[in-house]
Structures are given as structure tokens and as C-alpha cells.
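**Q** Sequence:
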Amino acid sequence: MVLQIRPETPEDVDAITALTAQAFLNAPHTSHTEHFIVNALRAVGQLSVSSVAEDDGNLLGHVALSPVTVSDGSTGWYGLGPISVVPAQQGKGIGSQLMQHALAALQVLGAGGCVVLGDPGYYRRFGFSPQPGLVLDGVPPEYFMVLRLHGPLPQGGVQYHAAFEATE
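For what it's worth, this note's numbering labels the leading residue of the sequence shown as 1001, then goes sequentially.
Wrong hints could be hidden among the right ones.
25 Å max Cα-Cα, derived DMTMM-like pairs, lysine to aspartate or glutamate [as the list claims (entries may be wrong)]:
#	residue 1	residue 2
1	LYS1092	ASP1056
2	LYS1092	ASP1012
3	LYS1092	GLU1054
4	LYS1092	ASP1014
5	LYS1092	GLU1008
6	LYS1092	ASP1119
7	LYS1092	ASP1055
These are computed hints drawn from the structure, not numbers from a lab. The model shown is predicted, which means the values in this text are computed figures rather than measured ones.
With these hints in hand, go ahead and build the complete structure from the sequences.
**A** Shown next, in the form of C-alpha cells:
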């Protein structure tokens, strides 16, 4: 497999929608709206990074980064996700390569840091960890993790864009 990670193109949108829906179809702790969220973020111009993993013309994965708001007024913070890999290719390192790509993209953006809501066992290996002073209301703190890239660590509540409420 020769995996290429590249920015999405308009021609990729339908495939990204399908692969994201497939990736989360049997996942625990999901509302199964991830594909709607990506499309809603795209529609309102809030996909700061939207990249696909491709092998021989087949899309195998996707990663999204979008700005988040922090109640203390900190700027330059992003939310990771969703990150999706087609079920038949999960566990083969594609998600890890997408993560490395996303982290490099954050550096290019000059981001202060990134937050993610997800499995601590997965995201800790990329440097994410819970931070008591940075929270997402209604979420157990061990599942909301932070990666500070530079500058001070914000203190307060994090809010994702309203597109994360998309249900269609």
C-alpha cells in the first residue's frame, strides 16, 4: 500500500461522507452524526484542515480540524475530529498517519494547541492528555484531552462550532 495524504478536493466530498459514516457505524459512544458534522463544518467554512488518506485512488481515511472557542478568550486553538478510517483498513496505521499529518498542519497554522474528544488509550500516544483547567461541559474529563503546542495553556470551557450539532 502506498498511502498518500492530501487536502480534500470537491470531488472527494461524497466519498468522505460515505467513509465517515462507515467508520463510525459500529463505534461505541457515538451519535452517528460525524459525516453530517464534517459536511456542516465545510458548508460554513470552518474546516481549517480536511485531508484524506488515499491509496491508488481509493479514499481510506479522513481527518478534520476546526477552530474551537475557549471561554478565557484564548485564540489559535483547534478541535481534532472527526478522524475516520474505513472499517476494513482500521488497525493498519492509517489513522496514525492522519494524526501525524494533522499535528503537522497545526504547526503550520501556528496553533496554540488542539483538543480532542475520544479514547484516551488512542490519543495519549500522540501527546494528548486531560488538563483540569480546560474542560468540555458534560464530558467526563478523561475523554476530553489537550495537546498544547505553544504559548500558555488556556483555562476555561471549550466550545466546538455549532456545526457539531448537525444531525442531517
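**Q** Now look at each hint and say whether the structure bears it out.
**A** Hints and how they fare:
Straight-line distance between C-alpha atoms of LYS1092 and ASP1056 comes to about 16 Å, which keeps the hinted pair within the 25 Å bound. A distance of roughly 22 Å separates the Cα atoms of LYS1092 and ASP1012; the hinted pair therefore holds under the 25 Å criterion. A threshold of 25 Å between alpha carbons decides the hint, and for LYS1092 with GLU1054 the separation of about 13 Å falls inside it, so the pair holds. Between LYS1092 and ASP1014 the CA atoms are separated by roughly 23 Å; this keeps the pair inside 25 Å, and the hint holds.
Proximity of LYS1092 to GLU1008 is assessed by CA-CA distance (about 21 Å); at most 25 Å being required, the pair is judged to hold. As the CA atoms of LYS1092 and ASP1119 are separated by approximately 17 Å, the hinted pair is consistent with the 25 Å bound. Between LYS1092 and ASP1055 the CA atoms are separated by roughly 13 Å; this keeps the pair inside 25 Å, and the hint holds.
Figure legend: structure checked against the earlier numbered hints; every hint is met.
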